[in-house]
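Number of protein chains: 2
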Amino acid sequence: MERILLAHGGGGSLTKQLIRDLVVARFGNPALAPLSDSALVELPQGRVAFTTDSYVVKPLRFRGGDIGRLAISGTVNDLAMAGARPLYISLALILEEGLALDDLAAILDSAKAAVDEAGVTVVCGDTKVVERGAADGCFINTSGIGVISEGVSVAMERAAPGDAILVNGSIGDHGVAIMSAREGLSFDTPVSSDVAPLGGLVAAVLEAGGDAVHALRDPTRGGLGMVVCEVAEACRHDIELDEVKIPVRPEVQGACDLLGLDPLYVANEGKVVVVCAEAVASKVLTAMRAHPLGRSAVAIGRVLDGAKGRVTLRTTIGGRRVVDPPYGEQLPRIC
Amino acid sequence: MERILLAHGGGGSLTKQLIRDLVVARFGNPALAPLSDSALVELPQGRVAFTTDSYVVKPLRFRGGDIGRLAISGTVNDLAMAGARPLYISLALILEEGLALDDLAAILDSAKAAVDEAGVTVVCGDTKVVERGAADGCFINTSGIGVISEGVSVAMERAAPGDAILVNGSIGDHGVAIMSAREGLSFDTPVSSDVAPLGGLVAAVLEAGGDAVHALRDPTRGGLGMVVCEVAEACRHDIELDEVKIPVRPEVQGACDLLGLDPLYVANEGKVVVVCAEAVASKVLTAMRAHPLGRSAVAIGRVLDGAKGRVTLRTTIGGRRVVDPPYGEQLPRIC
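Going line by line, the protein sequences match chains A and B. So the first sequence is residues 356 to 690, counted in the working numbering. So the second sequence is residues 356 to 690, counted in the working numbering.
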């Protein structure tokens, strides 16, 4: 089996060959084609959003996705959460000497499928190789540029009393899928990661809700619990969540019970939390449910008048508990 | 001594503390301040350049610089080589558990100094931590956005017969500095890396030469030899270099002799190769020499009529040899 050599990252002819055969063959487009120091891109009118994320997920492949799909989806989602239409993506690989070229090809195939699904373009990239033991297979950094249309203004500070809190489906799937893969756990119903690019779903939300969409967040590291705490802190209003309304797959709940995790704090990679005026909530929910990534969209809570910035959960048994922000992610290398 | 823990990368309160104390304390600005998923930036009129690079240099600190200065300079330079004014930078850290916080602080101090020198703004970032042994201290990815002014059009294809080839100073300094640090070599006159952000120097070149500046390249991995070969291949003209004119510090030449390296292929991180019409060469050289990073600027060759895209070197002893593109970088993890 052919494997990555140090010389693949040296910038010479082996690097060129790798980039031509593995990267350009998949992602080729006029902006990427020159393989020059910088890509030249055209931006439509609007405010520009810029984001970056490195992906170090372990294992590289898991049920429902891999680091390639994750690296594209995560950065597309960061742009979408700013209310931006994701347009251009950079793709930077740090490869460990010895990585099988077939594994790298599969990761890039998966990234390419996510790129097409998201309707974005990879315009620039970089490849570095480090010696065996100096990295763990493959790390990927993606940065992204998007443009925010006139009339869109999402910010956690805009969340206001009476606003509805919506989510597009079940929580905790990504974290449990990773944990299961890592620990070799198997369940009767295996859990797949929800990793997906949400640009299209978010566009539908913004079209339905317009300016009454106040905030968008993707509950990745730290899960739903963390982003709702962040919204409450930023807008300085209390938020109440209904535990009974929060969708958790039974197999995810079961795995969490087994592992001592709270699904509220488990990472997602294909979920969006929408905070919008109550008046448009039902219209937005309808739009979400019409999208393949939003079929199980549901309202899970509301912003209250209280100004302590505190989050409470009405539990399934009718009690009430405070939701605190987590100290740290329960699982390392979840993304 | 305090060290990086896995929880520093978990996205929870320890991550927030690290980002506040180490990143925002240095790079804070209105775009970075919200620490949201994406930064919102304003771009002036002009074509937009977008670039990315990961830095895996070993060791993290070397004479003349460190990975922090390198990560800012390298990405600023990639934008500058497109003829763009570098504006916004992303900063993504992959940290190994156990990295000393003081070492990280020193790296970020150095990055901050380079940011100020380059006149750019860090607007977004990311921090991931991997367990001990899964990375090598610290990897940094920076992406960058710049804007190309009206009237600027640099591309290797524009190099034309008669054009002068200029360089802003001695070659091979970065590669030899890294190699010396890594191998524990010491020389009577220690070699310092040339790592520096070249945005200001390139702006001076473009102001002096205008549209007659045809191509700009930074001879990083693969060195001067590689970029000149790439220019020749792209413009489909032969290029002749004068070995006697190419500045090489005696201590760099000495180290290369000892290590069996050819300075022509050794990496630089603060050099620019300018290809411009002969008519403006002297004006451009004067402008370069007036800049602190171009005091030793010199003409080292010219584009010929020949259309084979071949590079030849007139050697110091009056001979002539073909310069081939390197197979790969001679040293891994040079940047």
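Calculated from the structure, these hints are not laboratory results. A quick note: this is a predicted structure, and the numbers were derived from the prediction, not measured. Wrong hints could be hidden among the right ones.
For chains that are exact copies, the list does not tell them apart, and a pair is met inside one copy or across any two.
[Said to hold, decoys possible] Below are the DMTMM-like pairs computed for lysine to aspartate or glutamate, each with C-alpha atoms no more than 25 Å apart in a straight line:
#: 1; residue 1: K371; residue 2: D617
#: 2; residue 1: K638; residue 2: E598
#: 3; residue 1: K371; residue 2: D593
#: 4; residue 1: K413; residue 2: E486
Hint by hint, here is what the structure shows:
1. For the homomeric pair K371 and D617, the shortest alpha-carbon distance between copies (21 Å) is at most 25 Å, but the shortest distance inside one copy (46 Å) is not.
2. In this homomeric assembly, K638 and E598 come within 25 Å of each other (Cα to Cα) only inside a single copy, at 23 Å, whereas the closest approach across copies is 72 Å.
3. Within a single copy, K371 and D593 get their C-alpha atoms only as close as 55 Å, which misses the 25 Å cut-off; across copies the closest is 21 Å, which meets it.
4. Taking the shortest Cα distances, K413 and E486 sit within 25 Å of each other both inside one copy (19 Å) and across copies (11 Å).
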